[in-house]
Structure formats: C-alpha cells, structure tokens
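Enquirer: Starting from the known structure of chain L, arrange chain C on it as the hints suggest.
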Amino acid sequence: MNNKLKIGWFSFSCSEDSTIIFTELLNDYYLEWRNLIDFRSMLILQKKSNPVDLDVAFIEGAITSKSQEKKLLTIRNNAKKLVAVGSCAVIGMPSSQRNTFQKDLKGEINNVLITFDYTQNVKKVADIVRVDDTVAGCPMNEAQFLELINRYFKEFGIK
Amino acid sequence: MHNLDLSLSDISKIEGKASCEIKIRNGKLQDIKFSIAEYKRFYTQAIRGKDIAALPQLTARICGTCSNAHLLCAVKAVENALAVSVSPQTVNLRKLLNYGLFIRDHALHLYVFVLPDLFGKDSILDFDESDSLEHQMLHNAFIVKAAGNQLGKTVGGRSVHAPFIIPGGFTRLPLTDDLKKTGEQLEKIRPLVLDLIDLFFKKDGRLLRKNLLYASLIDDELSFLSGSLFSSNGDIVGEKKFGDYLEKVIIPYSHATGYKYLGKTYMVGALARLNLAKDKLHKRTVKDTEKYLKIFPSQNIYHNNLAQAIEILHAVDSSLEIINNIKIYPESQVVLQRKESIGVGVVEAPRGTLYYRLEVDAGGKIKNGRIVVPTGQNQIGIEESIRQFIIDNMAAIKDKSSLEHTIESIVRAYDPCMSCASHFLKFRYL
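First to last, the sequence lines map onto chains L and C. Heads up: the first sequence runs through residues 1 to 159, numbered per this note's numbering. Heads up: the second sequence runs through residues 160 to 589, numbered per this note's numbering.
Among the hints, erroneous ones may be present.
What the hints assert, rightly or not - Restraint-style ranges between C-beta atoms, simulated for each label pair:
| # | chain 1 | residue 1 | chain 2 | residue 2 | range |
| --- | --- | --- | --- | --- | --- |
| 1 | C | Leu421 | L | Ala126 | 44 to 50 Å |
| 2 | C | Ile487 | L | Asp133 | 49 to 55 Å |
| 3 | L | Asn150 | C | Ala213 | 49 to 55 Å |
| 4 | L | Asn110 | C | Pro247 | 47 to 53 Å |
| 5 | L | Arg130 | C | Leu367 | 49 to 55 Å |
Don't read these hints as lab results, they were simulated from the structure. Here the structure is a predicted model, which means the values were calculated and not measured. Ideal Cβ positions, reconstructed from N, Cα and C, are used throughout, including at glycine.
Just chain L, same shape as in the assembly (with noise of 0.2 Å):
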C-alpha cells in the first residue's frame, strides 16, 4: 500500500458528472490504476472510507452549506493535494445559479434555505479552502484528468 498513491473523491453539491467520468475512466485504467492508486474513499465505488493522510482529494461539486464548508476543510487538512474537479467546483456554476436569482425568485426558495440551513450563496471551492490543481469542465475533461493524475504518479513517486 505504501507505493500507491492515496486518493479520495469527494462529491458536494453537483450533477455528479465527473464522477461518472471517473467511473468510465475506469474502464480503460483500472487494470492500471489498481496497482497505483490506494481508493482511501470513494463512495460510489466502496463503502469503507477512511480520508486520512491522503496525497491527493479530489473535490467535485460547489459548496452550498456550513456542514459543507467544514467537511471541506476536514479534507483540505488531511490531504497533501486538493483538486477541484468539474465546473461546479472550479467556477461554482451551475449550481449557484441562485446566487443571481434576482429578489422574487430568492422570496420563493427562502423557506428552504432556512429550513436546511443553507448557506446565503453558493461557493466554488477556492473560496474556502487552497486548491492545488483543477479540472476544467462539465463534465471534467478526461484528457486534463489523465494528464494530472500521471504528474500526480510521478511527482509522488508511485511510477
């Protein structure tokens, strides 16, 4: 396990689309990958979870809670490495699309944002925590995955 790299994916408020990219991602690597990379947590893939001491977290989605925000700096602290992946993280679009709602529309979803206290606005990962790397797209571009997570094997000395 000590020559793998460590990982965790996280998913906060998004389609989840990137996700599926990885998963088909999977396809293709996973004979490779199984060899290189320690899935510490990942919870489309696996139950057990352990996001401690990981080289890399992977952020998907946009931040729209205080439970959130603090979830993200829980991993922010025990990760070497945090990338923001997909739209939703990187920009924070779509999903603070209500950011821009104008005062009718924020009437209409107040109630909710009480009642599941949400936070005010939405907002992208950089706005809380350090980001390392990111991964444009929606969903992530494989390509710009690809090309990251292979840095990422040899600047931690997996391959």
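Expert: Below, chain C without anything else, positioned relative to chain L:
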C-alpha cells in the same frame, strides 16, 4: 431486536447520498425516516426566463448519470411546445442514445453497486482475481459499461451531457463506420450480459411488496421514448395527462418532493416496465431470456435488478437492429418558431419515468417548468419497503451491521438517483 437506534450515514454505491433514521423500542418500529438530503440547486427556478432552446443542456446538469435522459425528455418537451416534428433518422439516433445510456447506467448499477452484495464484498475493486467467477465479473463490468459508453459517444458526442442532440435533431451525425464498429462491440457483450442475467436470476434477494402500483411509458417496441403511460391498475394515460395523476407529497425531513399516483404508492423503473410490458421486449431478447421472464410480473423489489439486466440485453438487441439497418443521410437543421405554448415530454430514463412540463411565452422564454424525476416518484416506496422489511423481520434482527447492510441493499435495489431527486442521504439511528 428489543431496542435499536441505528445511524447509517452516507449510504454507499448509489448515485448521490442518502439518509435514514430508524428507532426501534420494545421490539416495535417506532420511527423511520428515509430522506433525500441533497442540497437543492433550484433548477425549476433557474430555468425561468431562459430561452427554450437553451433549456435541454441546462437541465441535463441536474444529473450526471441520467443527463442524456434529461436531454431527451427536455428536447421532447421543447419540440412538443413548438410543434416541431423530427425525421425518422433523428428518432432512431435518439433511441440509440438512450439505449447507450441504459446499457452504461444499468451496468454501473448492477456490476459496481449491487454485485459486491452478492459476493459478500464491499467493492467490485475487492473482487478476487484468482476466483474465476469474480475475475470474470470484474472484467465483464468494464467491458459492458464501455460498450454502452461508446454507443453514447458515437451518437451523442459524449456519454454524459451529450453535446450533439438539440431540439429538431442533431448538430452532428455519426459516421456509418463508427456505428458499425460500435455494433460489433455490442454483439460481443451479449454473452456477458446473459451471464449477468443468469447470476441475478440465481442470487438476488427477496422482499415482496404487496399492493404496490407500477407505472411506465410503453410503446410497441419498448423504445423508452414514446407511447402511453400504463399502470398496473389498468390505467392508460396519454403523456400530456400523466402529470395530472401525480400527487405531490411534501416530506418535511427530505429535501426532495415525493409523489403518489392517485393517492397510491407506486414504483417506476425496470421492474415496473417488465411487470407491465415484458411482451414488448426485442424478440431476440425474449428468445434468450424466456425462462427468466416467467418471473414477471413480480412483487419482489430485488427483481428490479434482474429486470435491469434483461433491459441491458433489450437495449443491445434493439440497438443492433437499428445499427444494422440505418443509412445515415445529411439533414438540415430545424429552425425553431417560438410561440406561447405548453410542452410536455415524457421518457423512460433507466431509473423510471421522467416528466417535463414547460410553459413558454411568446418570445420562447420559459415561464414555468415542472420536472418529476424517477427517484422522487420512488422515494415513498423506498421508505415503505424498509419499514416493511423491519416489521416482517423484527424477530430475526440480531445486530446493527446486518440490518444496515440489508437496508442499504433495499435502497440499492431501487437504484435511486439522489442527484436527480436532490443529492444527500445520510442514515441516522435515533
């Protein structure tokens, strides 16, 4: 078990996250709350004022895994609103796009989410390569998923948020050679899918739900994209009227709205489709799955998994028939004539019936939209199924971890999508 407070947070191996609270006192179920706690992204508000042509690509972002179903349903609602008719070629390409989604999505659910339960593993990544069956299933998972993914890419330009589909047709057409290559890939996965069907036939769980209603959009070929809404109480409803039968239920502890069908709990999805329309499956599928089809109609919720496996084969066979006969010809793009109107679109997404109703002003701007997703419709049924399991098996419940595992497997049997309905579900025992 006499007293139990169960707290299961972050149900794994589903689309998005979910939560459930369970309280047992003196051997009686005192409280159960299954809630979808995904933070809303307010799409029904955000689409107001947007141009109708821009709507499909925006609402596709409601859900990554179901995105192409949202695209197809939104496009259909837009075309119905603006009285746009499409060519037979467009109809066939849309069928292929949706079949690709069914193959990819059902395969993800069955191989990656459910199969570990059948083998007593946490994850498909834990499958033992030295065990011949586990080795075979692990490798089949990626081959079958890849074939569905490729079909989506070939026709739509991408398997998630397909960029080529627009109201009126496609911005780019697939090359015949690429379709043929994809067809060869589909033919190769047929035996793998048959193995999957057999496995679920032999190994799946059992939870009978009596008095549950089933509903589905059905046409003569089970294309998932047209027809009327059939329900197991005998109703046959036109697409435009379907919304009138759905009763919105506010669930105070859930971020997502639940639905009943004329006041009754109902189920949409693969089990509903096969319960109502197994005779409409592709003839090649029927020939090769005859012994499994005898199970349907079934009241066993877990047979949703077997039904999905059979639907993968149906999607493969239906796609092959189209690919083997299609001759791609160039088409000019349809110019949309905006007008004040109402458009309804209904399709069968992999997880069940998806409904869009759009009100448009004279300039083509969205005035109001109503979107009803499959998991919203199944939400009440999921909670009732967990409740029924606990009540029926109270005496046999010995420990938290096995109960947790069973409850997760019931939730997974429904194949819910929290990203669509909302997103975050945690299990908490009171």
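Enquirer: Taking the hints in turn, state whether each one holds.
Expert: Going through the hints against the structure:
no.: 1; hint: C:Leu421 to L:Ala126: 44 to 50 Å; result: 49 Å, holds
no.: 2; hint: C:Ile487 to L:Asp133: 49 to 55 Å; result: 40 Å, violated
no.: 3; hint: L:Asn150 to C:Ala213: 49 to 55 Å; result: 36 Å, violated
no.: 4; hint: L:Asn110 to C:Pro247: 47 to 53 Å; result: 48 Å, holds
no.: 5; hint: L:Arg130 to C:Leu367: 49 to 55 Å; result: 53 Å, holds
The structure is inconsistent with the numbered hints 2, 3, although it conforms to all the rest.
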